[in-house]
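Undergrad: Taken in sequence, the protein lines are chains A and B.
Following the working numbering, the numbering of the first sequence begins with 5 at its first residue and continues without gaps.
Following the working numbering, the numbering of the second sequence begins with 15 at its first residue and continues without gaps.
One thing to keep in mind: the hints can contain errors.
Unchecked claim - Some chain A residues near chain B, calculated using beta-carbon distances under 7 Å: (1) ARG124; (2) ILE125; (3) SER126; (4) MET135.
What the hints assert, rightly or not - Away from chain A, derived, C-beta distances all over 12 Å, residues of chain B: (5) ASN89; (6) LYS111; (7) THR119; (8) THR130; (9) GLN188; (10) ASP189; (11) LEU220; (12) LEU223; (13) ASN309; (14) ARG388; (15) GLU414; (16) ASP493; (17) ILE632; (18) PHE778.
Everything labelled a hint here was simulated from the structure, so no lab data went into it.
C-beta atoms are modelled at their ideal positions from N, C-alpha and C, and glycine is treated no differently.
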Amino acid sequence: MTDMKTLRFSLIAVAILLISGFSTNAQKLTGRDIVEKAYNLPTGDDQTSELTMTLINKSGQTRVRKIKQFTKDFGTVEKSIMFFISPADVKNTSFMNWSYDSDKPDDQWIYLPTIKKVKRISSDSKSDYFMGSDFTYDDLGDRKLDADVHTLLREENIDGKDCYVVQSVSKDEDYMYSKTVTWIRKDNFVGVKKEFYDEDGELLKTLTIKRVEKISGYWIITKSEMNNIQKNHKTIMELADVKINVGVPASKFTERMMMRGL
Amino acid sequence: MDKLLSKLLNYGWATMVAVVVISAFFVYEMKENTRMETDLDEYMPKDHPAFVYSDKAESWFDIKDGIIIALENKNGVFNTATLDTLKKLTKRFQKFKEIDKDDVTSLYTADNIIGTEEGMDVKPFFKRVPKSPEKLAQLKRNVETNEMVFGRLVSYDETVTVIIAEIGDDVFTQDFYDKILKTARASETDDIKIYVAGRPIVEGTLALLGPEDMKRMVPIVLLVIFIVLYITLRSLKGTLITLGVVFFSTIWAFGLMAALKIPVYAVSTMIPVMLIAIGVADGIHLYSHLQIFINHHPDASKREATIDMLKNLWKPVVMTSVTTAVGFISLLTSQVYPVKYFGIFTAFGVMVAMVFSLVFLPAGIMIFGLPKPRPIDHGEDKGGHSHSKLANSFAAWIIEHKYVSILSTIVIVVLSLIGMQKIWINSSFLEKFEKDSEIVQTDKFINEHFGGTSTLNLILDAKGRKDAFKEPRVLKLVDILQKDVDGSLEVVGSTFSLADYIRRMNKVMNADKEEFNTIPDNQDMIAQYLLLYEMSGDPENLNKVVDYDYEKANVTFQLKSDNSKAMNATLDIIERYTDDFKKLGIELNYAGSGYKGLVFTDLILEGQIKSLILSLIIIVVLLSIMFKKLSIGLIGSVPIIITALISFGVMGFLDIPLNTTTALLSSIAIGIGIDYAVHFLEQYRYNAALTDSKLVAAQKTMAHSGRAIIFNAIVVIAGFLVLLFSVFPPNRELGALVSLNMFTSFVGTLTIMLVLLYQSNVYFKDKKKKKNAEN
Chain A
5 MTDMKTLRFS LIAVAILLIS GFSTNAQKLT GRDIVEKAYN LPTGDDQTSE
55 LTMTLINKSG QTRVRKIKQF TKDFGTVEKS IMFFISPADV KNTSFMNWSY
105 DSDKPDDQWI YLPTIKKVKR ISSDSKSDYF MGSDFTYDDL GDRKLDADVH
155 TLLREENIDG KDCYVVQSVS KDEDYMYSKT VTWIRKDNFV GVKKEFYDED
205 GELLKTLTIK RVEKISGYWI ITKSEMNNIQ KNHKTIMELA DVKINVGVPA
255 SKFTERMMMR GL
Chain B
15 MDKLLSKLLN YGWATMVAVV VISAFFVYEM KENTRMETDL DEYMPKDHPA
65 FVYSDKAESW FDIKDGIIIA LENKNGVFNT ATLDTLKKLT KRFQKFKEID
115 KDDVTSLYTA DNIIGTEEGM DVKPFFKRVP KSPEKLAQLK RNVETNEMVF
165 GRLVSYDETV TVIIAEIGDD VFTQDFYDKI LKTARASETD DIKIYVAGRP
215 IVEGTLALLG PEDMKRMVPI VLLVIFIVLY ITLRSLKGTL ITLGVVFFST
265 IWAFGLMAAL KIPVYAVSTM IPVMLIAIGV ADGIHLYSHL QIFINHHPDA
315 SKREATIDML KNLWKPVVMT SVTTAVGFIS LLTSQVYPVK YFGIFTAFGV
365 MVAMVFSLVF LPAGIMIFGL PKPRPIDHGE DKGGHSHSKL ANSFAAWIIE
415 HKYVSILSTI VIVVLSLIGM QKIWINSSFL EKFEKDSEIV QTDKFINEHF
465 GGTSTLNLIL DAKGRKDAFK EPRVLKLVDI LQKDVDGSLE VVGSTFSLAD
515 YIRRMNKVMN ADKEEFNTIP DNQDMIAQYL LLYEMSGDPE NLNKVVDYDY
565 EKANVTFQLK SDNSKAMNAT LDIIERYTDD FKKLGIELNY AGSGYKGLVF
615 TDLILEGQIK SLILSLIIIV VLLSIMFKKL SIGLIGSVPI IITALISFGV
665 MGFLDIPLNT TTALLSSIAI GIGIDYAVHF LEQYRYNAAL TDSKLVAAQK
715 TMAHSGRAII FNAIVVIAGF LVLLFSVFPP NRELGALVSL NMFTSFVGTL
765 TIMLVLLYQS NVYFKDKKKK KNAEN
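Please work from the sequences and hints to get the whole structure.
TA: Below, the structure written as structure tokens:
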């Protein structure tokens, strides 16, 4: 076990996969260790990208949304801002999210160009689905490490890659998932897939990582697919034009910028 | 033919054994393969455009019927105990394997989106059950100010709150219903009462209750028929064999159905009804003839007697059965499969009963012997030409006072025609239950507190124009339509569409000010509200009112009644907007079980009326061919027409609506009317050939066929009057109407038909000519 690589789903970038430094320690890792390595690793300071989100319903109809997004890590808070490029009728609608490392709930703002006012959204549920997609905010990486109890179930070879299979069970009985099972690559801690089980213990969704690219020295998941098996609904997230550490100014993450648009 | 039948008499035991063995096979098939069909969708013609569209729309918008579980607390629902029960029950129903978790809606699962000065707040109404008075008061306020919830999930008087569990069409079973009731009842306390209602319950219970009640009632009907038959035939053997014919023909019909893997539909329960009413007729006529024969020839052997019976009666038995069967086969013109099956299998049963009457019944006589002869007192003055004094005087009176029959017939026909004007079609399921039954009372209770337990879905279709339902002019028209329907009709409790979401979002984004509870004029604003709702609310909710491309929308109307009058009144108002929508390039269609039920009932009636007319024509033609005279065909159809007319007329006067059961009853009028007419006509022809006097022919016929017809009528009427004690109203109507049809058929045959026969000089014209020629 030489390369110590960690998986992290970022709220904004959908899922950014990073490879952290090296691990010299070959001790037996616990489930929590594995997930911690995946969660707790330095990401780039900032990132910009263009997200194409394709929603596919059971009849095969699609809704395609293009979003320009900016993210910056401020240490204890990660701020992101996103602007809709298309469809045309929602162009320049913007959304800002501040996610805290502490237990404090996210701060969220929405700007609708036709209303011309920034509105604060207070939603206390992390279980909300992100923009009508099959990803919840939690799925996108906003989950706290110790909200779940992590158990290493087994090691398994999947598509020629050795993986840890970790089960995470929420400490909150009312949580929307009874458990999740994640396949994390042993060599670099890259996530391969994840299964989400509903309150009744039935498989609800599967996340499949479709494409990983190395950009500016970071491993980035640039295509992933979340499949809601129970609703027969799918979301494909694709990142393009990913730029890391380009020095996004702190002033980007303000209500004024939300109103200015792209 | 009679020779063949006579030969078969040598194989009495073989015939018996064959019938019993084949019946045993069919009983086995029934045991293995009989399946009740409770899914009413299975009754509908799948390829009818209205159903095709409705089915598609149901899948686009996930339209399902909902079971409504209502929690009532007279002291109000905003207290810890009631909310805790609500939460627990919601979760329990979500865990049912028959119910999708997402299809369960209650205050516990609903999101509260509210506008504040600085923005908006999206929260569940409660996760943990509120305990402190402050939190309970807050929840109460939240509910009261959210019109998406107030009046929908919590009643305006705040004493009732509901859980709605939507289920698929094929889910309902008695076990499932029992499980729901058990779960609900288990949570009842002194303060909290729980009610279960909704269309799936009504439909499901109905589909089970009707046949179940039939199962209970049919043995009693048979018992009564047995007793009355025994009294009339005065022969236990004859009674048993006659009923055996009915019994085995019913088993064969259902057995064949099971063998062909055709499920039992609610209408199929009418098959035994038809076969009982029609099947005993042949037996009665045969035994009646046999009895008269042995009365006249007390020394005849059973073989001689049976052969005489077959020789004289095989023709009318075949004629009546074939015409009746053809009448039922005309139901194949119906577009509704269960009705087609009903037609085919009843026809099959009638034909089987015919074969049994000609083979099984004689075999029975050969094995079990003849009834006792009742010698006739030849010395007595019978006042006429037959052996029966009563028949003689009755026939003479009818003929002498022919205008009484003619005038009463005219009066009755006119009255029936007036009554028929009042007939209305009802596709309601609920109105088939007792007014004071639990299911009706619960429904009434929920309708008093909420929008309504019945649903009509209006599907607006912009024919592929994407984003049509983001256009302000379109949404505004939808809004106007909803308000118009809601405001004009008492029976419409609430309406729901995409427009409600847009108005709500507009209000929320404008700090919850009521003046923004409108559709904005800016299309982009609507698009942005929708995006915002997707981001903050549950996007699944939107899928129920608009499709992915915003080119189709679903407007839901909650009605407090599922009867056709309510449904049609709503449709009438909606239809007024057809042109306005057309100008916007939008087409109106409908969906949902209520609408399908309405179309379905119309289809059944249309098919029934078509087949009624068709079978009347066929009967006239067949009778004309059989008797080789058009006049006989016409005269023979008179009792049938009168029976059908009176049946519909009485329904009109008594406010009995046409529905799937009552409509099919016109078939019985034909089946029975034909029996009476053919036996009477055949006997009349036979007697006419032996005499020059019309009166003699009439009196003999009356004594012979007339007697059998009266017996037949008494037996079946007595049997079906038993159904008046049924707990299931449609079965009561059935009993009353079958009895009425039997009665009018028999009266019509013995009075007006006899008069017409007499007046027409049929069978005597030729004689006169011959006589004149001889002279």
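Undergrad: If a hint holds in the structure, say so; if it doesn't, say that too.
TA: Checked hints:
1. ARG124: holds, 3 Å
2. ILE125: holds, 6 Å
3. SER126: Since chain B brings a Cβ to about 5 Å from SER126/A, closer than 7 Å, the hint holds.
4. MET135: Given a least distance of 5 Å, the restraint on MET135/A holds.
5. ASN89: holds, 28 Å
6. LYS111: Contrary to the label, LYS111/B does not stay out of reach of chain A, its closest Cβ about 9 Å off (not over 12 Å).
7. THR119: Consistent with the label, THR119/B stays out of reach of chain A, its closest Cβ about 16 Å off (over 12 Å).
8. THR130: Non-interface label fails for THR130/B: nearest chain A Cβ at 8 Å, not farther than 12 Å.
9. GLN188: Holds, since 25 Å exceeds 12 Å.
10. ASP189: Fine: 20 Å to the nearest Cβ keeps ASP189/B off the interface.
11. LEU220: Its Cβ never comes within 12 Å of chain A, the nearest being 31 Å, so this holds.
12. LEU223: Holds, since 33 Å exceeds 12 Å.
13. ASN309: holds, 77 Å
14. ARG388: holds, 76 Å
15. GLU414: holds, 77 Å
16. ASP493: Since the minimum Cβ distance to chain A is about 19 Å, ASP493/B lies beyond 12 Å and the statement holds.
17. ILE632: holds, 47 Å
18. PHE778: holds, 75 Å
Of the numbered hints listed earlier, those contradicted by the structure are 6 and 8.
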